[in-house]
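Work out the full structure: start from the sequences and follow the hints.
If you want the building blocks of each chain, they are given just below.
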Amino acid sequence: MTINDFEKKYNKEDINEYLAQVKEQDKKINSFLYLKKDLSKEIGVPIAIKDMISTKGIVTTAGSKILENYIPPYNATVIDKLERNGYFVIGKTNMDEFAMGSSTENSAYFTTKNPKDLSLVPGGSSGGSAAAVSAGFVPVSLGTDTGGSIRQPASFCGIVGFCPSYGAVSRYGVIAMASSFDQVGVFANNIKDTKAVFDTIRGKDEKDATSFDLPSEKVSESNIIKIGIPENILEGVSKEVKIAFENTVTSLKKNGIEFVQVANTNLQQALAVYYILVPSEVSSNLARFDGVKYGKRENAEDLIELYTKTRTKYLGSEPKRRTIIGTYALSAGYSDKYYKKANILRQQVKDYYTKIFESVDLIMTPTTPTTAFKIGAVQTPIELYLGDIYTTVTKLAGLPAISIPANTNDKLPVGIQFIAGHKKDLQLLQISEKIEQCLQTY
Amino acid sequence: MNYELVIGLEVHIQPNTKSKMFCSCSADIFAAKPNSHTCPTCLGLPGALPVPNKMAIEQLIKLGFAFGCNINLNSKFDRKHYYYPDLPKGYQISQYDKPFCVGGKVVLEGGKEIRITRIHMEEDTGKLSHVENKTLVDYNRSGMPLIELVTEPDFKSLQDLDIFTRELRLILRHLNISDADMEKGQLRLEANVSVRKIGEVNLPNYKVELKNINSFKFMLKAIEFEFKRQSEILESGKTPAQETRGWNENKNETFLQRTKETADDYRYFPEPDIPPILLKQSYVDSLAKCVDDLPIIKRERLKNELGLSEHEINVFINDLGLLKHFYELIKLSEIVNAKDIAKKLVNSKESQKLSAQEFFDLLKNEKSSVITNIDELKEIIKTVITENQKAYEDFKNGNENSIQFLVGQVMKKTKGKADAGVVINIIKGLNGNSLN
Ligand SMILES: [Zn+2]
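First to last, the protein sequences are chains A and B. So my numbering is basically just the index in the first sequence, starting at one, shifted up by 253. So my numbering is basically just the index in the second sequence, starting at one, shifted up by 58.
Any given hint could be a false lead.
Straight line, CA to CA, 25 Å or less: simulated PhoX-like cross-link-like pairs of lysine-lysine [what the hints assert, rightly or not]: (1) A:K562 with B:K112; (2) B:K156 with A:K495; (3) A:K309 with A:K276; (4) B:K76 with A:K590; (5) A:K593 with B:K138; (6) B:K192 with A:K457; (7) B:K361 with A:K457; (8) B:K156 with A:K460; (9) A:K460 with B:K192.
If you are wondering where the hints come from, they were derived from the structure by calculation, not from laboratory data.
Structure, rendered in structure tokens:
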């Protein structure tokens, strides 16, 4: 269901009937943690919001028990912008706890199911937002992407998922996982709707010192689009992904898009860098959840016991794991070896991309090495981390990237990732529209 | 005992700003209702972000100029981690390896030099209060800007410390950096105190941190106590423990707050929510002119340009409001000279409260009340002229300085009881006056 479809299908009078349908159908999918009870006063296009984003007066849990009772007294900037520009929040969607995970199985509440196949995960961490769009509950939704949390579920659920340049969208009011990586982005069924929502939420925010306005220059229509494919990029991907990827190249070539091979970066190393830096920031950002000011608190005899009992009981295993790793990586004596070294390598990844984008408009990779996996199938954190190999690396450089569904004969969707240079978000979306036409996915 | 003190200071200064350090909450928090000056950012609510306060940074850089520090054009904020209920985010935004200012020094009265290690910016914490068996937190102070100034361990006596603190307070007030009111917590001192044998050049291998002492008087007492305590330990052949101590007002002694056997690990890393602060040279240069307002410069001006006495200068330098009033009066006065204004203001508290018009009337009346008889005045002037024929000739030839000299002589003869304006008029033969 696109924005256009929604507007054609529902009138203001039957908006609560629409809500009732969503509520009924979501019993199978479990995409929402919270759905509004009455939409009769709402005007515009419904949008589902990942529960990582603060909504004034509406419980915002970040998928964690520790915030089970937390009601923000303020709206994230993106929510204010949406509500002022013709959108209304229909509800809050399920996610991996504090956005740590790739399947929603780390949600402290329940696991969301993939609307394409209920035995599969929808991906994560923004799995609820992806599923809500994929299931046709809403035309658009917001997610957050720290290492692939929008693009991977978009790929698993067969929809468009766009992660903007770091700083293109305000993070004010977005619960922090890893502050130098987190970015709000959009799920939709097509590029047009993606762009409509993105244009509404982007721009410099006085309350976010890292935010900025994007330059607005366009790609000339007469230009031949040149896409770079990193060498050996299909190493280790599943058969379905390989076929979908190659078919996409063929379709795009037919439509006059040029392809060149470009150097690859050391993806394994990039993943290692990511899993040092992100936990480091996590250990810092999650420190505020201490039971003192808001959220859940355990009774205790003294302060240390209050902290320990509260955090032990109400934080899940992945937040704990990353807090421990991050605390270690930042500790005196280890910080030089891990945190600082990882930052040097992060700069190398940025330099790598800067060089590549001197000669190509976009880089194309699979979004994920495999299609959606079965609920409960992935056992170890490392397996899960490896699934993010194509999406984490772009975040080291803060680049905009989009996952677009490939044209596949298989039942399960495959997403193709297109990456652009820093702040080239508008050009990426412009070219994505053309790619979308070529692929005729819709 | 042949021991001497070695003291380094850490000074926390609350700069004058309109809003807090990283949010738009009003900084006017003194005596405000608990938690009335808070927002998502200074409460550390999930998702809230910090945006640095330009004015606070400006205040810090001014202080840097006052001490001749190097200003880092490329600076950044860092997160300093520890858990405490008054610290809502679980970390304090501070500066680690790239503070705004490094180096610098101040030369104390008497020539003693104190080196400044660094001056950095950070945010303040909230305040805990314990009521019966409950602990309450007031976050009004949370996120208030704090300038931290760290000195080298260059203080050897309580007197050094006293002079430095007075001078620092004057600098802060004259540059309008802070009101530096210790009672309001706008100026807080921590001292790292150790003791060594006189003649020893190496720094002691331990230090005792004196913390949470809210009055300067008590800080001096605490250091005095520590000198005795540590000297005795050293005398017995032991080394005092590395620890933090406070001051017990009732017992008149320091007490152990916390031992510091290992270095704290604050897990500093660059604050990702605030991009590095890149200051333009031209912007920094524009702040440098603040040194014109340094008390030492103002002292010189009062002495050299206006000829005030040491005592008068001290009164004005220690009372900024009065100094400002003094300069306004000088600007408004046409005939009364600055020295007279200063003398009156310094010697009569009542005169300080008068409006400019009232003040000048008072001065005039006092003077004319002494010598009301114009003929008497003329006789004195005639005598002065006779005694200073050369100066009078010069005056007639158009030398303005000579008339000041003659007026001065008249003042001397009348012991200052003549109205300078009237004397000038008589000598010049103005307003119907003439010497004859
Ligand atoms: Zn505030």
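Going through the hints against the structure:
1. A:K562 with B:K112: Since the Cα atoms of K562 (chain A) and K112 (chain B) sit roughly 40 Å apart, the hinted pair is violated (cutoff 25 Å).
2. B:K156 with A:K495: violated (48 Å)
3. A:K309 with A:K276: holds (22 Å)
4. B:K76 with A:K590: The given pair, whose Cα atoms are some 42 Å apart, is violated under the 25 Å limit.
5. A:K593 with B:K138: holds (16 Å)
6. B:K192 with A:K457: violated (43 Å)
7. B:K361 with A:K457: Violated, at about 53 Å.
8. B:K156 with A:K460: holds (24 Å)
9. A:K460 with B:K192: violated (35 Å)
Violated hints, in rising order: 1, 2, 4, 6, 7 and 9; the structure is consistent with all others.
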